[in-house]
Each structure stands twice: as C-alpha cells, then as structure tokens.
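Going line by line, the protein sequences match chains A and B.
Counting along the first sequence from 1, when you hit position 80 you're at 80 in this note's numbering, and nothing is skipped either side.
Counting along the second sequence from 1, when you hit position 87 you're at 87 in this note's numbering, and nothing is skipped either side.
Warning: the hint list may mix true and false statements.
Pulled a few chain A residues facing chain B out of the computed Cβ check, cut under 8 Å [said to hold, decoys possible]:
1) S38
2) G42
3) P43
4) Y48
5) D56
6) F66
7) A88
8) L91
9) A93
10) S95
11) A102
12) F104
FYI, nobody ran anything at the bench for these hints, they're computed from the structure.
Glycine is no exception: its CB is placed at the ideal position from the N, C-alpha and C atoms.
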Amino acid sequence: GAGVSQTPSNKVTEKGKYVELRCDPISGHTALYWYRQSLGQGPEFLIYFQGTGAADDSGLPNDRFFAVRPEGSVSTLKIQRTERGDSAVYLCASSLAGKTEAFFGQGTRLTVV
Amino acid sequence: GENVEQHPSTLSVQEGDSAVIKCTYSDSASNYFPWYKQELGKGPQLIIDIRSNVGEKKDQRIAVTLNKTAKHFSLHITETQPEDSAVYFCAASPVSGSARQLTFGSGTQLTVLP
Numbered sequence: 001g002a003g004v005s006q007t008p009s010n011k012v013t014e015k016g017k018y019v020e021l022r023c024d025p026i027s028g029h030t031a032l033y034w035y036r037q038s039l040g041q042g043p044e045f046l047i048y049f050q051g052t053g054a055a056d057d058s059g060l061p062n063d064r065f066f067a068v069r070p071e072g073s074v075s076t077l078k079i080q081r082t083e084r085g086d087s088a089v090y091l092c093a094s095s096l097a098g099k100t101e102a103f104f105g106q107g108t109r110l111t112v113v
Numbered sequence: 001g002e003n004v005e006q007h008p009s010t011l012s013v014q015e016g017d018s019a020v021i022k023c024t025y026s027d028s029a030s031n032y033f034p035w036y037k038q039e040l041g042k043g044p045q046l047i048i049d050i051r052s053n054v055g056e057k058k059d060q061r062i063a064v065t066l067n068k069t070a071k072h073f074s075l076h077i078t079e080t081q082p083e084d085s086a087v088y089f090c091a092a093s094p095v096s097g098s099a100r101q102l103t104f105g106s107g108t109q110l111t112v113l114p
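Same shape as in the complex, but just chain A (with noise of 0.2 Å):
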C-alpha cells in the first residue's frame, strides 16, 4: 500500500476487556515496531518484529501486552484486561531491512472507560 495502515482509527472499550489493534506495514518492509504515544508525550517503544519473529520485546510493559505477525507482514498487537492506564495512541511503523526510515501509521486511539 501507499503507507502504513492502522485498523482500527479509535477503539473504545471497557476496563477488564480484551482489545486488538492491527497494523498492515508498507509492501516488503521486513522490519515493524510498535510504539505507543500517551497524550503529550513522545511516543514510547513496545516491540519490535524482523520478519515473523519478535527480535526485541523489552518494551512491552506487562505480560497484558503481546504481539504477533505469523506472515511477516500484518501484526496485531493484544491487550488482555485492559486498564484505564492503557488509555493512549498506540503506532506501528515499517522499514526495510537495516535501514533506520521507520514509516509510521497515524496510530489507534485506544480509550479504556
């Protein structure tokens, strides 16, 4: 596709349930992170995917929090019993191999009420 692509756009759910937000990463780029952005600040790195396997993790901040990409392309980042602290834009971005130009989505907001 033309860029990085999020689904969906905003998300609102209850506290204690279980979301997933996705991310389609531009054509051939093999490497896909996720951030996450809370209201005013910079945003915050979660994981990172080479291909289909998750080559960095250590930003993830509970065992709530997992992600997946089975193909090496679309990932799904999963949030088990959300809390309202889970409340905030959650990023995807791409990029080649090697190469430090990470293409960003324009992010999931995600609302726990």
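Using the hints, position chain B against chain A.
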C-alpha cells in the same frame, strides 16, 4: 535506561525567523539521533537524523548538530514557514541502522506566525 530531555516545550516564531530545539540524552551508548515532525492526527515523520560519528548534518532549511561529549543535540530550522508548524520530537537509540529502542523527548510544539 536512556533519558531524553527536550526544550522548549512550546516555541513561537515569526515566519522567516529561525527556530532552535535542544535535546540532551543520558546514555553514552546512544549513537543514533533522529528528529521527527508530527502533525495533528498523524504519525511522526522522520525529517533528519544524525549518527554519532558526525557533528553536523544539513538538509535544505533543516540542520542538526551533535555534541557527544556534552550529550546534547539540536535541531535548527531556518526561514521558517507556516507549514513548519507541528510538534517536533528528538530521539536517541543505541541501535544504529534501526528504528527500534528509540527513546523520544517529550516534544516541542512549534508555531510559525504568518
């Protein structure tokens, strides 16, 4: 872990003037320093980056300087235009050649007044 401080948090300049945003970092292992521009409702967009073996880099009206000894780096925008208005983020990473493990500053809201 890495800590990146960014100043100022807001900056207003007249069109045509220069704007300077400054960042400091704490981890001497950081060797990659990108700058991102984020417009409302959009994801961050890389505008320029610098690696630790370079002291200055220019791209048209944008320049970045790096002082590794002092652990600070700056973004300079000359001849500012209204379309430069956005939030700008600096970032630092110990991983060269990748956008992973970027630690971002808290952002600078730049407003260019016509």
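Legend entry - Y48 of chain A as chain B interface residue, shortest Cβ-Cβ below 8 Å: holds, 4 Å
Legend entry - When the least beta-carbon distance from P43 of chain A to chain B is tested against 8 Å, hint result: holds, 5 Å
Legend entry - Interface hint status, F66 of chain A versus chain B (Cβ within 8 Å): violated, 17 Å
Inset, instruction - Could you check if F104 of chain A really has its C-beta closer than 8 Å to a C-beta on chain B? - result: With a closest approach of 3 Å, the F104 of chain A hint holds.
Inset, instruction - Answer holds if the nearest beta-carbon of chain B is closer than 8 Å to that of L91 of chain A; otherwise answer violated. - result: holds, 5 Å
Inset, instruction - Using Cβ atoms only, decide whether A102 of chain A comes closer than 8 Å to chain B, and label the hint accordingly. - result: Because about 3 Å separates A102 of chain A from the closest Cβ in chain B, which is inside the 8 Å limit, the hint holds.
Inset, instruction - With a cut-off of 8 Å on the beta carbons, see whether D56 of chain A makes it to chain B. - result: holds, 5 Å
Legend entry - Residue hint S95 of chain A, partner chain B, criterion CB-CB below 8 Å: holds, 6 Å
Legend entry - chain B contact restraint for G42 of chain A - C-beta distance below 8 Å: holds, 3 Å
Inset, instruction - Tell me if S38 of chain A is really an interface residue toward chain B, meaning its C-beta lies closer than 8 Å to one of theirs. - result: violated, 10 Å
Inset, instruction - So, A88 of chain A near chain B? Judge it on the closest CB pair being under 8 Å. - result: Cβ of A88 of chain A sits 13 Å from chain B, so the hint is violated.
Inset, instruction - Using Cβ atoms only, decide whether A93 of chain A comes closer than 8 Å to chain B, and label the hint accordingly. - result: A93 of chain A check passes; min Cβ-Cβ to chain B is 6 Å, inside 8 Å.
Hint compliance for this structure: hints 1, 6, 7 are not met, and every other hint is.
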